[in-house]
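Engineer: Listed below, chain by chain, are the residues.
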Amino acid sequence: MRMAKLMLKPSQLITLMLLPGLAGCGLTGAERKAAGGFSTSAEAFGKVSASDFAAMRDDETKLRMTAYTTGTAVQWDTGNKGGIEGLERTLSGPFTPDEVDLRIKAANTLAAYGTALNALVTFDDSQKLKASADSFASSLKALPPKLKVGPDSDADVISSVVQGIGGLFIERQKADALRRIVPLYQPQVDRLCDLLTREFDTDNPGYAADYRSIASTVRVEAASRLATAGKDVAVRRRALPAFADADRAYRWAEETFPAAKSAGLACTKASAALTQAVAARNFSFADIEDFAEKVQAIAAASDKWKSRSK
Amino acid sequence: MDPTLGQTIPQMSLALDALIDTAPADQLPRLAALKADLNNQLEALIDKDLPKADAAYKDAVSSVTAATGAITAATADLSKVAAAISLLSKAIAAIAKAAALIA
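From first to last, the protein sequence lines stand for chains A and B.
For the first sequence, position 233 (counting from the first letter as 1) is numbered 233 according to the numbering used here, and the numbering increases by one without interruption.
For the second sequence, position 39 (counting from the first letter as 1) is numbered 39 according to the numbering used here, and the numbering increases by one without interruption.
Hints listed in this document are in silico derivations from the structure and should not be mistaken for laboratory results.
Glycine is no exception: its CB is placed at the ideal position from the N, C-alpha and C atoms.
Hints are not guaranteed to be accurate.
[What the hints assert, rightly or not] Pairs of lysine to any residue, SDA-like flavour, derived with a Cα cap of 25 angstroms:
id, chain 1, residue 1, chain 2, residue 2
1, B, K80, A, P10
2, B, K52, A, F285
3, A, K146, A, D176
4, B, K58, A, G29
5, A, K141, A, T217
6, B, K90, B, A55
7, A, K33, B, K80
8, A, K269, B, K90
9, A, K33, B, D2
10, A, K47, A, G166
[To be verified] Derived, one-sided and incomplete: chain A residues facing chain B with beta-carbon distance under 8 angstroms:
id, residue
11, L8
12, K9
13, P10
14, S11
Work out the full structure: start from the sequences and follow the hints.
Structural biologist: Set out below in structure tokens:
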């Protein structure tokens, strides 16, 4: 039996093969651009924030130790517990290691979301995509209940959605996954962006305000002691390094935290722009570009101060 | 009024289709790949409002026009397919450069 011959010209066949519609509505240019821009910035912002929180924790412990040993700003906090716990509270202030760890987890979760979204948009390896999706799901589930927006079952959606992406209809699969993932996680992402914005806002009670406050107190106290030390070498030896550490911490806070707060605000706007891009397949790139610029600024400032402290 | 990429690219695309229908089979993979590249660049251009006064934009328009001429010539004389492919590659690169004017 003779096979029926498909009456298509080579150009028509090639055109059909290249049509996004045949692959089933792949990512639009707007979606790809929005998701690519947001994911890269979210990943960077989350990583820088986590790194900054860890540096702040170490700095604050050191500053409080200095303050306590020089008998200045920090008093022994016995509270109702005393002993080792009292010492821990003395050295950490209101932000205990567990409290700081919670903020680091939140920042890392945002970074993991950025990584997973980026792996989806720039897909080149199904194992890498699956691993990054699983990592985000694990981070999300490890958040304390007060930071979670949805149930734990939502956390696993990303892993199931990206499962099996690959093969002939990959562009359609990527688009379907993105359109499912972005609206689902937007409230959670907004929550994380809000948290980071608040924590880096020195005008509101939060981690950055506490850090800046202790740095400022030790700085002023050490400067005062230096000013009145006269020829007392023992006082100078204690006060000078204390001033140097506190001054560096204070100036880092002054320069970096406002940029981080701006990046947090921009993160929320960019998240909304991404959701808009996915919902309407059209959007303004301005908010996502603004987020990217602010993340670059905070990353540069953070790197500068960290390299100085080494 | 100077021609725009919006006017010249569709002409080149039509000319390319005509060449694909007449070109020898061994040239089809290369021509199909170039058509895919062209489609990708068009997708990148969708959201952009390029500065038409920029040299890169003007270069893209003239490259596309030159490639269209070469493609049309190659359709009539298949010994010129290689030259057409070369100019088509250059035109696609020029479009990409113009598209990059707005990141």
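Engineer: Indicate, hint by hint, whether the structure satisfies it.
Structural biologist: Hints, one by one, checked against the model:
1. With a C-alpha separation of about 19 angstroms, the suggested pair K80/B and P10/A falls inside the 25 angstroms cut-off, and the hint holds.
2. For the hint pairing K52/B with F285/A, the CA-to-CA distance comes to about 21 angstroms; that is within 25 angstroms, so the pair holds.
3. Among the hinted pairs, K146/A with D176/A is inconsistent with the structure: their alpha-carbon atoms are about 30 angstroms apart, more than 25 angstroms.
4. Restraint check: the Cα-Cα separation between K58/B and G29/A comes to about 24 angstroms, which is no more than 25 angstroms; the hinted pair holds.
5. A distance of roughly 38 angstroms separates the Cα atoms of K141/A and T217/A; the hinted pair therefore is violated under the 25 angstroms criterion.
6. At roughly 15 angstroms between alpha-carbon atoms, K90/B and A55/B fall within 25 angstroms of each other, so this suggested pair holds.
7. Simply put, K33/A and K80/B have alpha-carbon atoms about 38 angstroms apart, too far for the 25 angstroms limit, and the pair is violated.
8. Taking the CA atoms of K269/A and K90/B, the gap is near 40 angstroms; set against the 25 angstroms cutoff, the hint is violated.
9. Between the alpha carbons of K33/A and D2/B the distance comes to roughly 30 angstroms, so the proposed pair goes past 25 angstroms and is violated.
10. At roughly 29 angstroms between alpha-carbon atoms, K47/A and G166/A are farther apart than 25 angstroms, so this suggested pair is violated.
11. For L8/A, the suggested interface contact is broken, since its CB lies about 10 angstroms from the closest CB of chain B, more than 8 angstroms.
12. Checking K9/A against chain B by beta carbon gives a least distance of about 5 angstroms; that is within 8 angstroms, so the hint holds.
13. Taking 8 angstroms as the C-beta contact cut-off toward chain B, the hint placing P10/A at the interface holds, the least distance being around 5 angstroms.
14. With a least beta-carbon distance of about 4 angstroms to chain B, the hint placing S11/A at the interface is held under the 8 angstroms criterion.
Consistency note: the structure conflicts with the earlier hints numbered 3, 5, 7, 8, 9, 10, 11.
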